[in-house]
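Residue numbers (UniProt numbering): 1 to 314.
Rather than coming from a laboratory, the hints here were simulated on the basis of the structure.
Model, not experiment: these values are computed from the prediction.
It is possible that part of the hints are untrue.
Pair ranges (Cβ atoms, derived) [said to hold, decoys possible]:
#1 G161 x G295: 55 to 61 Å
#2 S227 x G178: 20 to 26 Å
#3 E220 x A176: 19 to 25 Å
Glycine included, C-beta positions come from ideal geometry on N, C-alpha and C.
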Amino acid sequence: MKIRIAFTSLAVVLSGLAAPTAVAAADGPRIASYNVFMLPRSLFPNWGQLERADLLASEGVLAGQDVVVVQEAFDNEASQRLLDNLTGDYPHQTPVLGRSRDGWDATLGSYSDTRPEDGGVAVLSRWPVAERVQYVFGPGCGADATSNKGFVYTRIDSPTGPVHVIGTHLQADDNACGDRAPGVRAGQLGEIAQFVRDRAIPAAEPVVVAGDLNIDATAEEFTAALSTLGATAPETTGHPFSYDPATNSVAAYQAPGWPGQQLDHVLPLAGHGQQSWISETRAVHSPEWSVTSWGQTYTYTDFSDHYPVFAHPA
C-alpha cells in the first residue's frame with residue numbers, strides 16, 4: 001500500500017492501557033511477525049519511532065514467543081533501540097538486513113553498498129541462532145529500488161531440533177511501479193523458494209516464511225504465492241486484517257477509507273515438519289502518543305500502522 005506521510009514533531013503521552021496477553025503455549029515454535037513502521041527519521045522524522053520502540057517493549061506486545069520477525073525497522077537508531085529493548089526476552093538476534101555485511105555468516109544476492117536504505121528485517125529468538133544469512137533481492141521498483149530489501153534466513157537451535165525461519169518484506173505497491181509490483185513480488189518469492197531448495201533442508205525440520213508480503217490473503221496473488229513457496233495457509237483467527245484503516249489510528253491517517261487487508265503472514269512450508277498451523281492477527285493498541293505539526297497536534301493509539309501476527313502449530 002502506498003503510504004502518505006506528514007512531517008511532524010513529536011511528543012509522547014502515555015496512558016494506562018492493558019498489555020496484550022501472550023500467546024498460549026503450544027507444541028512447536030511460536031513465531032510472531034510485525035511490521036513496526038520505523039521509517040528512517042532522516043526522511044520521516046516525526047512518527048514517534050524512538051518512543052514507539054520503547055512502548056513496544058514496555059507494553060509486552062511481542063512477549064511470549066520463541067521467534068519474532070520484524071519488518072520496516074529502517075531507522076537505525078530506533079530499530080537498534082527496539083532490538084536492545086527486547087534482548088531480555090530475545091537474546092539471540094540478527095542484525096538488520098542490508099545495513100552492513102557485519103554479523104552475518106553469509107551475504108548473498110544483490111547486496112549494494114550504494115543503496116541509501118537497508119532492508120528493515122531482523123529475526124529475534126529466545127533460542128540460539130546457529131546460522132544467519134542475509135539475501136538481498138534484485139532491484140525493486142519505486143521507492144523500494146533504493147533499499148536492500150530481501151530476506152533473512154536463520155537456523156535456530158530449538159530444544160527439539162533445528163527450526164528454519166525466513167523473515168522478509170516484499171515489494172510494496174507504489175504508484176511509481178505502474179503495474180509491475182505483483183511481478184516483482186513473484187520474482188522475490190521465487191528467489192526465496194530457490195534458496196530453500198538449494199539448502200536441501202531435512203523434511204523433519206520446520207521451515208517457516210514470515211513477514212509483510214504486501215499480498216492480501218484474499219487475493220489470487222496470495223494463492224500463487226503459496227504455490228511458489230510450497231507453503232501451507234494456516235488457520236486464521238483474531239482480527240481479520242493486519243492493515244486496517246477502520247480500526248488503526250496510524251493507518252487511518254495514511255489511508256482514510258481504504259479497505260482492510262491481511263498483508264502479514266506466517267507460512268509453514270510443505271514437507272517440513274508440522275503442516276497444520278494457527279495464525280492470529282491481534283488488533284493491539286498503544287497508550288496515546290501525540291505529534292505536532294504546524295501548530296496542530298495529532299494523537300494516535302497504535303504501535304504501528306500494521307497489527308502483529310502470531311502463529312504456532314495447531
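Verification of the supplied hints:
1. G161 and G295 have their C-beta atoms about 58 Å apart, which keeps the hinted 55 to 61 Å range intact.
2. The supplied range of 20 to 26 Å is met by S227 and G178, whose beta-carbon atoms lie about 25 Å from each other.
3. In this structure, E220 and A176 meet the distance hint of 19 to 25 Å, their C-beta atoms being roughly 24 Å apart.
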